[in-house]
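Asks: The primary structure of each chain is shown beneath.
Protein chains: 2
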Amino acid sequence: MFHGCTDPKPQFKEKYFPQIMDHFNFNSMGNGTYEQRYLITDEYWKRGSGPIFFYTGNEGDIWEFALNSGFITELAAQQRALVIFAEHRYYGKSLPFGQDSFNIPEVGLLTVEQALADYAIMITELKQQLGASACPVIVFGGSYGGMLSVYMRLRYPNIVAGALAASAPILSTAGMGESKQFFQDVTSDFENYAPECRDAVRGAFQRLQDLAQIEDYGRIQSAFSLCKTPSSYKDIHQLNGLLRNAFTLMAMLDYPYSTHFMGSMPANPVKVACDTMLGGADLLHALKDTAGIVYNSTGDLTCFDLYTLYVECADPTGCGLGFNSLAWDYQIEMCFESNNVSDMFPLMPFTEKQREQYCSKRWGVIPRPGWLKTQFWGDALSTASNIIFSNGDLDPWANGGVRKSLSSSLIAINISEGAHHLDLREANDADPASVIKARKMESDTIAQWVKMEERKCLQRGF
Amino acid sequence: MFHGCTDPKPQFKEKYFPQIMDHFNFNSMGNGTYEQRYLITDEYWKRGSGPIFFYTGNEGDIWEFALNSGFITELAAQQRALVIFAEHRYYGKSLPFGQDSFNIPEVGLLTVEQALADYAIMITELKQQLGASACPVIVFGGSYGGMLSVYMRLRYPNIVAGALAASAPILSTAGMGESKQFFQDVTSDFENYAPECRDAVRGAFQRLQDLAQIEDYGRIQSAFSLCKTPSSYKDIHQLNGLLRNAFTLMAMLDYPYSTHFMGSMPANPVKVACDTMLGGADLLHALKDTAGIVYNSTGDLTCFDLYTLYVECADPTGCGLGFNSLAWDYQIEMCFESNNVSDMFPLMPFTEKQREQYCSKRWGVIPRPGWLKTQFWGDALSTASNIIFSNGDLDPWANGGVRKSLSSSLIAINISEGAHHLDLREANDADPASVIKARKMESDTIAQWVKMEERKCLQRGF
Chain B
3 MFHGCTDPKP QFKEKYFPQI MDHFNFNSMG NGTYEQRYLI TDEYWKRGSG
53 PIFFYTGNEG DIWEFALNSG FITELAAQQR ALVIFAEHRY YGKSLPFGQD
103 SFNIPEVGLL TVEQALADYA IMITELKQQL GASACPVIVF GGSYGGMLSV
153 YMRLRYPNIV AGALAASAPI LSTAGMGESK QFFQDVTSDF ENYAPECRDA
203 VRGAFQRLQD LAQIEDYGRI QSAFSLCKTP SSYKDIHQLN GLLRNAFTLM
253 AMLDYPYSTH FMGSMPANPV KVACDTMLGG ADLLHALKDT AGIVYNSTGD
303 LTCFDLYTLY VECADPTGCG LGFNSLAWDY QIEMCFESNN VSDMFPLMPF
353 TEKQREQYCS KRWGVIPRPG WLKTQFWGDA LSTASNIIFS NGDLDPWANG
403 GVRKSLSSSL IAINISEGAH HLDLREANDA DPASVIKARK MESDTIAQWV
453 KMEERKCLQR GF
Chain D
3 MFHGCTDPKP QFKEKYFPQI MDHFNFNSMG NGTYEQRYLI TDEYWKRGSG
53 PIFFYTGNEG DIWEFALNSG FITELAAQQR ALVIFAEHRY YGKSLPFGQD
103 SFNIPEVGLL TVEQALADYA IMITELKQQL GASACPVIVF GGSYGGMLSV
153 YMRLRYPNIV AGALAASAPI LSTAGMGESK QFFQDVTSDF ENYAPECRDA
203 VRGAFQRLQD LAQIEDYGRI QSAFSLCKTP SSYKDIHQLN GLLRNAFTLM
253 AMLDYPYSTH FMGSMPANPV KVACDTMLGG ADLLHALKDT AGIVYNSTGD
303 LTCFDLYTLY VECADPTGCG LGFNSLAWDY QIEMCFESNN VSDMFPLMPF
353 TEKQREQYCS KRWGVIPRPG WLKTQFWGDA LSTASNIIFS NGDLDPWANG
403 GVRKSLSSSL IAINISEGAH HLDLREANDA DPASVIKARK MESDTIAQWV
453 KMEERKCLQR GF
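Each protein sequence line maps, in turn, to chains B and D.
Numbered according to this note's numbering, the first sequence spans residues 3 to 464.
Numbered according to this note's numbering, the second sequence spans residues 3 to 464.
Next comes chain B alone, as it looks inside the complex (with noise of 0.2 Å):
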């Protein structure tokens, strides 16, 4: 099974492992197993002693994330670790109750407690079966896969010597910080390649109200190549978002050189983003370009359908392109929004309450915004050790993560030309000097947990 345009490499096994569904009610109605997949590959390990390098997989095809994360296998080949990349489940092909897993009650077994849970044991039995006990684990995750990172080694240090935690908002989505950064971030890339760019920006949303103001639709339609006119405020409000979230993800994915990670992405997007921006007469017209580049990269597409396209959710890149967005709909619970005072977006406020009311509607379940934080340490992290929490300076995410390191072994590192999880990806020519010094730094790091931990192992008699 192949992605991209490039064939894996090194060559993973995909593979099932029979999971407890329910690890936390023993009498509940997943009283059994599910199949959860993974991949695996033993090509570069130092068999029964070399560590074991483990993703923890996040919201999507577990493919998608091992076909993005060269730098492990690069670190692996190095280190003489055996990688494997498990898919978080209800993603991919690792759903609990098959088809019937988004149904109520059975979504209810999707949350991060069971994530954790399902590589705690992955990891333990995998140990056995391959005999590798005396293995130190490193896990590994990008943005919610390295939330999940940081939290393995939280709760399993026993299990996990160490973890680094790739553009992974651990702050923000624990509810600490401000609802505005998000798109002020995001506004930020577009600022920094040139004010101009993002005054452009500006004013095409402007006068794409200008327009909805006078429910002139018509024009709206022609302008954005809409496959059906838009009638209502709600048509419009949905265009903005799918707008809003084309500069979002160029500003996320600018990266040096083109990639097919959550759709196809030119390099350095917010250049090619800004360019066309400023180089349109109508800027009407430049704005719908600039979302072609996201939307439309092959130049297939005729007209642009709002609701097929994007789909909004809380999660400010909508729930959608190739990602499970049904699970991922259920999973996230953020509340950011644009203010067109910090940004450069048009108001869409999204308020706490707002959620609440589609979570109980649509799920059934009412969020609790305090959780994250109260399970998983909020801002207290000072009594972790060996974690390291990469970011990106041009990634939106970044100012919801750690940036400034908590101690010797809680180590924040900033990627200065870097987007989102730019560090985990295959060396590239086209590589910053800012990444390569810092996947040197994490490489370092990680072999020197390893040591640490091998030589514990053998004081303990192993």
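Hints are computed from structural coordinates only; laboratory data are not their basis.
There may be inaccurate statements among the hints.
Identical copies carry no separate label here, and so any pair may be met within one copy or between two of them.
Below, computed lysine-lysine pairings styled on BS3-like, alpha-carbon distance capped at 30 Å [said to hold, decoys possible]: (1) 442 <-> 406; (2) 406 <-> 453; (3) 129 <-> 453; (4) 406 <-> 458; (5) 129 <-> 406; (6) 15 <-> 48; (7) 355 <-> 182; (8) 375 <-> 406; (9) 129 <-> 182; (10) 15 <-> 129; (11) 129 <-> 95; (12) 17 <-> 375; (13) 355 <-> 129; (14) 182 <-> 458; (15) 48 <-> 375.
All of these numbers come straight from a predicted model, not from anything done at the bench.
Dock chain D against the given chain B, drawing on the hints supplied.
Replies: Just chain D now, with coordinates in the frame of chain B:
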């Protein structure tokens, strides 16, 4: 509401907290709240800045623990702390589904993780309500409650600054250690008083076995004043369990003064038992009288009912004696056994297989032997901090706990003359020097944790 023979001091207020039923599944049957009981006193509290001493309730009515843990309130008076005793879900009056709580599947929400989340939520919310946001929280617990205190510090160091875990068998309950250890240590207590005492006990059990072998049930009934004539191997097994349990309780509760905790006990019950065993002419009669110290302390019983005085379960001390036996029978999963070689008791094997069959038949669940070890760090505790593991050398549970300090902030305190969490009890003139010294160390260490936490708070700008 008074228990025991003295009024509660201080005067706790009994309150209820609306608690989330199911913390880990937003779509389960437990979609509401239940009333969780707690006791609170602010009599000694330096309002708004003094620490909070929080007892993580274990398997019983919370008053039982509050009235037998006077050290905590004495310490609160010294350190000007708020004191809270929280009742564990499914015990006492904290029944999530009322009288249906022990049905299947309702009993499924009885797990360690749920109980810990209860405490985390309760602490967080009560701190807000009481204007105590800046107040460091220290958790206390004895036995299983001590395990919960350890787990709270492992899981929620963001909420809990330190833990005093008294007589917490966190290693043996996680499957580490030997199944014969427990009854061997019970035996040692009697042997250390007098080797002849051990021999007399062993001899008496042998006599009983001889009678059982020839099925002289009438003789057995009269020798032990049983209400009904035993008629089967099962009844003899139950009698052996009941008798063995009397010795276990006397070893556990071998306090230097009379107590009313888990039943009534004279001062120095091991001495009383041995004097009884060695004082009578007839071994069987002596064994009956010794059991009577535990089961007939008032002398009111005219005969012993095998199945009401003692309820066999995976806990070597049985499931009864005022503790909520149904819930504990569901929760408990040890495999301690006596073998008549390293201990003075009859051969009474208890295998994982037997336990599995029982749990499956009675509760529809299959135990997961590795679970506590996976979830709560097993013997890899060295990354934790701020925990005191206290144990009494007289306590048969002691060797299932942490007996050596693991670091400068993971402190083992061994109390040479202490039985089961003697250190948590209020000061008494009969206290041995070793417990006085232990309490002093505990008090100093806790004061230091509180100070450190206050300093951190100041730095964070509270």
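Asks: Work down the list of hints and note, for each, if the structure agrees.
Replies: Now the hints, each set against the structure:
no.: 1; hint: 442 <-> 406; in the structure: within (18 Å within a copy, 39 Å between copies)
no.: 2; hint: 406 <-> 453; in the structure: both (25 Å within a copy, 25 Å between copies)
no.: 3; hint: 129 <-> 453; in the structure: within (18 Å within a copy, 42 Å between copies)
no.: 4; hint: 406 <-> 458; in the structure: both (28 Å within a copy, 17 Å between copies)
no.: 5; hint: 129 <-> 406; in the structure: between (34 Å within a copy, 29 Å between copies)
no.: 6; hint: 15 <-> 48; in the structure: within (18 Å within a copy, 62 Å between copies)
no.: 7; hint: 355 <-> 182; in the structure: within (17 Å within a copy, 57 Å between copies)
no.: 8; hint: 375 <-> 406; in the structure: within (19 Å within a copy, 33 Å between copies)
no.: 9; hint: 129 <-> 182; in the structure: between (44 Å within a copy, 29 Å between copies)
no.: 10; hint: 15 <-> 129; in the structure: within (17 Å within a copy, 51 Å between copies)
no.: 11; hint: 129 <-> 95; in the structure: within (23 Å within a copy, 43 Å between copies)
no.: 12; hint: 17 <-> 375; in the structure: between (34 Å within a copy, 26 Å between copies)
no.: 13; hint: 355 <-> 129; in the structure: between (45 Å within a copy, 24 Å between copies)
no.: 14; hint: 182 <-> 458; in the structure: between (45 Å within a copy, 29 Å between copies)
no.: 15; hint: 48 <-> 375; in the structure: between (39 Å within a copy, 27 Å between copies)
Consistency note: the structure conflicts with none of the earlier hints.
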